[in-house]
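A.B. asks: Chains as they are written, first to last, in our numbering: chain A, 3 to 229; chain B, 270 to 513; chain C, 3 to 49.
Derived from the structure by calculation, the hints contain no laboratory data. None of the values given here were measured: they were computed from a predicted structure. Treat the hints with caution; some may be incorrect.
[To be verified] Each pair of labels, with its calculated beta carbon distance range:
id	chain 1	residue 1	chain 2	residue 2	range
1	A	V115	C	R33	55 to 61 Å
2	A	I58	B	T454	39 to 45 Å
3	A	R56	B	L344	51 to 57 Å
4	A	T42	B	W397	31 to 37 Å
5	A	A31	B	Y280	55 to 61 Å
6	A	R25	C	L18	57 to 63 Å
7	A	Q90	B	Y280	38 to 44 Å
8	C	L29	B	F310	23 to 29 Å
9	A	L54	B	W397	56 to 62 Å
10	A	I58	B	Y280	30 to 36 Å
11	B	S282	A	G86	35 to 41 Å
[Stated by the list, open to error] A short list of chain A residues far from chain B (calculated; beta carbon distances all over 12 Å):
id	residue
12	W14
13	A23
14	R25
15	R26
16	R53
17	S94
18	Q96
19	V100
20	G162
21	R164
22	T170
23	P180
24	F184
25	V211
26	A222
27	A223
For every residue, glycine included, the Cβ atom is placed at its ideal position computed from N, Cα and C.
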Amino acid sequence: MTVLSQAGLIRWLVWRDVTLAWRRRSDLAGALVFFVLVVTLFPLSVGPDTRLLRSIAPGIVWVAALLASMLCLGRLFADDFADGSLEQLVLSPQPISVIVLAKVFAQWLVSVVPLLIAAPLIGLQFGLPRGMPMVLTASLALGTPVVLLVGAIGAALTLGLRGASTLTSLLVMPLYVPTLVFGTSTVQATLSGLPLGADLRLLAATFVVALVLGPWAAAAAVRISLE
Amino acid sequence: MSRHATRWVAYASPPNLYRLAGRLVPWFATSAGLLLALGVFLGLFVAPTDFQQGDVYRVLFLHVPASWLGMWLYLLLGFYAALGWIFKARSSSMMAAALAVTGAMFTGLSLATGSLWGRPAWGTWWVWDARTTSTLIPLFLYVGFITLQSAIDDPRRTDRAGAVIAVVGLVNVPIIYFSVQWWNTLHQGATIRVAGETTMPGSMLTPMLIMVAGCWVYAIAVVLVRLRQLIHRRESIDGGLHGS
Amino acid sequence: MGHDGVYVWTAYALTLAAMAVEVAVLLWRSRSGRVDVVPGRDLKRER
């Protein structure tokens, strides 16, 4: 195999993971179906009062997206770990954090982007006023990568362990609090007519920090789990 | 100066640490018993009845030390875990593992005593505000750490995986606290809390300090015992503790 | 202590119970693991 540059590795890995995921299309639908189902359960449980639904919509959509994204974590490393390809990947001269970044990006493309397409429609379903569904989707677009980047740490730590998926959820859930708070506050601030500035900046900052530190920590975790 | 350093570094070896911990435990245990007994007695019977809150404030003598310890033990856990990871020091990693259960216990107590104080003081068992939520999250961090470590069989992986999650948690704690504060200021309007940290008169401060000291000493004693058990279990697997 | 006293007593009982349980578990573990809680014996001689 020819030696790839960092960019080349990322491109190849993303293409590989997307192709592999596409071959298991039923898995892909899983996150989207879960997302839509969870969101649909809420009007059924709290009643159809439009004002109530409008006020809880950002929270519900965000939590549903967060949980759906968390579902994908099990597919991030586990399959490659099980068949030994993760060990092969790690042997490459490129830093493992690059591999992690590529895999996270591929997973996000395949599993989360459908959610982002569904989100504005759901926003409309919940009666969010003009422009709000797009703000909601934008906040999710910034926030869901963080869920995957931070979740990758948990997924990497629990490779090969019994009950890995539950354990991963337990490990990363507290770490999602900032993302959830900043994401929903971005939407709610605009709902109340406040300027978008501070909340969006905080959300963006969370994204940047996760982008920089997440793969590094996940790489360390992968190394630990592979020994 | 370097001779002192070498003396202390010797305690990083598990057998020496085992012996040192063993010598310290009786002192800490008895001190803990005395301090806690004294603190409870003063707190329940000697401290005067508060003008505003009646006798319910006595729960604070438990709540404040528990909150403190819950927080500080997590910081120590993160510190030792990081130390063990960076310097590949088994003893430090074992210290982190030994701290976890006690820290979780105190955090849980902090939540419980907080509720038991809150209910008579302002009518609700639970308030979703910055302080209570900021105590709930560390509990999850503790439980995550403990669960992760118990799911792994290999001791080296246990140490290192624990270190990763502990350090990641530690780094996130200020961010989480900030976001909870942010969340709280956004959703103001529920109950307006009377500021908790009022200056306490001396007759109330003394039991508080004694309880804090007693809880700390108790924690040290308990953690050292757990550390000894960990060392014993680990080093037996690795081939026995060879005295030196 | 008034009718609110039940909260105070519950809190103190809960705290002392939690500590007692923690200590009890440690003691029980030492018994089955043959580890001294209070040292008197060197580990070498245990073998």
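A.B. asks: Please go over all the hints and tell whether each is borne out by the structure.
C.D. replies: Hint by hint, here is what the structure shows:
{"no.": "1", "hint": "V115/A x R33/C: 55 to 61 Å", "in the structure": "58 Å, holds"}
{"no.": "2", "hint": "I58/A x T454/B: 39 to 45 Å", "in the structure": "20 Å, violated"}
{"no.": "3", "hint": "R56/A x L344/B: 51 to 57 Å", "in the structure": "42 Å, violated"}
{"no.": "4", "hint": "T42/A x W397/B: 31 to 37 Å", "in the structure": "26 Å, violated"}
{"no.": "5", "hint": "A31/A x Y280/B: 55 to 61 Å", "in the structure": "57 Å, holds"}
{"no.": "6", "hint": "R25/A x L18/C: 57 to 63 Å", "in the structure": "60 Å, holds"}
{"no.": "7", "hint": "Q90/A x Y280/B: 38 to 44 Å", "in the structure": "43 Å, holds"}
{"no.": "8", "hint": "L29/C x F310/B: 23 to 29 Å", "in the structure": "25 Å, holds"}
{"no.": "9", "hint": "L54/A x W397/B: 56 to 62 Å", "in the structure": "18 Å, violated"}
{"no.": "10", "hint": "I58/A x Y280/B: 30 to 36 Å", "in the structure": "55 Å, violated"}
{"no.": "11", "hint": "S282/B x G86/A: 35 to 41 Å", "in the structure": "38 Å, holds"}
{"no.": "12", "hint": "W14", "in the structure": "27 Å, holds"}
{"no.": "13", "hint": "A23", "in the structure": "27 Å, holds"}
{"no.": "14", "hint": "R25", "in the structure": "31 Å, holds"}
{"no.": "15", "hint": "R26", "in the structure": "27 Å, holds"}
{"no.": "16", "hint": "R53", "in the structure": "17 Å, holds"}
{"no.": "17", "hint": "S94", "in the structure": "22 Å, holds"}
{"no.": "18", "hint": "Q96", "in the structure": "21 Å, holds"}
{"no.": "19", "hint": "V100", "in the structure": "19 Å, holds"}
{"no.": "20", "hint": "G162", "in the structure": "9 Å, violated"}
{"no.": "21", "hint": "R164", "in the structure": "6 Å, violated"}
{"no.": "22", "hint": "T170", "in the structure": "10 Å, violated"}
{"no.": "23", "hint": "P180", "in the structure": "4 Å, violated"}
{"no.": "24", "hint": "F184", "in the structure": "6 Å, violated"}
{"no.": "25", "hint": "V211", "in the structure": "8 Å, violated"}
{"no.": "26", "hint": "A222", "in the structure": "6 Å, violated"}
{"no.": "27", "hint": "A223", "in the structure": "5 Å, violated"}
The structure shown violates the earlier hints numbered 2, 3, 4, 9, 10, 20, 21, 22, 23, 24, 25, 26 and 27.
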